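Top to bottom, those sequences are chains A and B. If you use our numbering, the first sequence corresponds to residues 32 to 288, in order. If you use our numbering, the second sequence corresponds to residues 7 to 221, in order.
You may find that some hints are simply not true.
Claimed, not checked - Taking lysine-lysine pairs in the DSS-like style, the calculated list, with each CA pair at most 30 Å apart, reads:
#1 B/K103 to A/K149
#2 A/K63 to B/K150
#3 A/K49 to B/K103
#4 A/K117 to B/K103
#5 A/K130 to B/K103
#6 A/K37 to B/K103
#7 B/K189 to A/K44
#8 B/K103 to A/K54
Please keep in mind that the hints were generated in silico from the structure rather than gathered at the bench. No experiment lies behind these values; they were computed from the predicted model shown.
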Amino acid sequence: MTTQGKTINITLKVWRQKGPGVKGKLETIEAKNISTDMSFLEMLDTINEGRIVQGKEPIEFDNDCREGICGMCGAVVNGIPHGPEKAMTLCQLHMRKFKNEDIIVVEPWRARAFPIIKDLVVDRSALDKIIQSGGFVSMVAGGAPDANAIPISQNIAEKAMDAAACIGCGACVAACPNASAMLFVSAKISQLALLPQGKPEAAQRAWNMVHAMDDCGFGNCTNEKECEAACPKEISIVNIARMNREFIKAGFASHVM
Amino acid sequence: MNWIINTFGTSIGKKFLMALSGACFIGFLLGHLGGNITLYFGKDTFNSYAEHLHALGILVTMAEISLLSLLVIHVLTGIILFFQNLAARPQRYVANKRAGGRTWASATMPYTGVLILSFVLLHLINFHFVKKTPDNTIFDIVSKTFAQPGYMVIYIIAMIVVALHVSHGFWSLFQTLGANHPKYMPIITKVGIVLSLVFGIGFGLLPIYVPLIAS
Ligand code: FES
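Next comes chain A alone, as it looks inside the complex (with noise of 0.2 Å):
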């Protein structure tokens, strides 16, 4: 390779914490050389490769796609989910956003909910509880049915497929100044209400989710939008006002209790 691209120096203040329960703190770090065409996760890569051959701990951080569609990765920059980009993951954010010089917060999501592992790692299984309460739909698996065989309007698919966009990395939470997971669950509980095959359990699953959700410690809405802002998939807050109807349908008329 002959053609050099654009490199960096910055001065990252990276949240190291050994454990969980353990007291943290914000290490500096200062990275030469920086390429601009490094996504964020391959700049902390290369940061990583440096400390273990200096024989220092690597910075833990979770990933696995890097293309923006697991939702592994996740990192709070500068105080804000996945970095200052909007509908980008941490994994697609790249160097080039930065300045030379800069300074570069980076913590983990910070939530009760979300105990921390280790540095940015954080436990985000209290996600996957909500999910095991309800959100799935109960099919008895046999051949497959004809395809149009259940007509559902484009719009409404179109809005079902917006709410099922949510790759459940939490920034939302992340993000919250109550450390509230609505976005997240109004997506999951949205993507199968607006469809008829999510319809019959639809009262028991807004149910199940929203408990699951208050038993996990996650915070109250109280509508400030952050969540909206920051979520790498821009899943619409009008989704936690589709939960508010479906929840109160299920709490008022519905049998579920």
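Assemble the complex: chain A is given as a structure, and chain B with the ligand must be docked to it using the hints.
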């Protein structure tokens, strides 16, 4: 009966309580402003409005009891939400930045709420729990109070705080009640802003206007 607790006790249930009681308070503010507009027409209009209002007797008492119960619900639920939300993030962020959703009004709801509560108490002491006589009519009481610069400033600031609280509260209550629709939300948001301006200006000018016409 458990189902009622299991509905209202949840995060969404508490939101509902806040939204419904908040909606009632907005209704009350509209009524209160409607009455207070008579102040702009001078002493006699206002005193006769007050007389007519109190002639309603038992209805006024019933309204007072309902408002008091709504206040208890709104304040208690608000306090519970505030502390639960604090506890939901035991370790705060070192770097804080808004992603673009939060506004001044939304970020200060609990604090503007406390300010409004203290103002309401002061307001009741000033005008409600005072003996009204033919020589000391409600108009005289109001104009004497506003003639004191300290009270005038407190009342004006309080109305700005109310406007701020309503500007987030109004659209927010529709969102909570599930009424967020692409056709209506833009209108609701605008109505909320207009309403908070109406409250801020309609009530907020009184402390300046009343001393002027009283002298
Ligand atoms: S690593 Fe999969 S979304 Fe970022």
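We went through each hint and held it up to the structure:
Of the supplied pair hints, the one linking B/K103 and A/K149 holds, its CA atoms being roughly 23 Å apart against a limit of 30 Å. Between A/K63 and B/K150 the alpha-carbon distance is near 70 Å, which puts this suggested pair outside the 30 Å criterion. At roughly 26 Å between alpha-carbon atoms, A/K49 and B/K103 fall within 30 Å of each other, so this suggested pair holds. Note on A/K117 and B/K103: the hinted pairing holds, with a Cα-Cα distance of about 14 Å set against a maximum of 30 Å.
A hinted pair counts as satisfied when its Cα atoms are at most 30 Å apart, and A/K130 with B/K103 qualifies at roughly 18 Å. Annotation: proposed proximity of A/K37 to B/K103 holds, straight-line Cα distance about 28 Å (limit 30 Å). This hinted pair does not check out: B/K189 and A/K44 have alpha carbons roughly 45 Å apart, beyond 30 Å. Restraint check for B/K103 and A/K54: the C-alpha separation of about 23 Å stays at or below 30 Å, so the hint holds.
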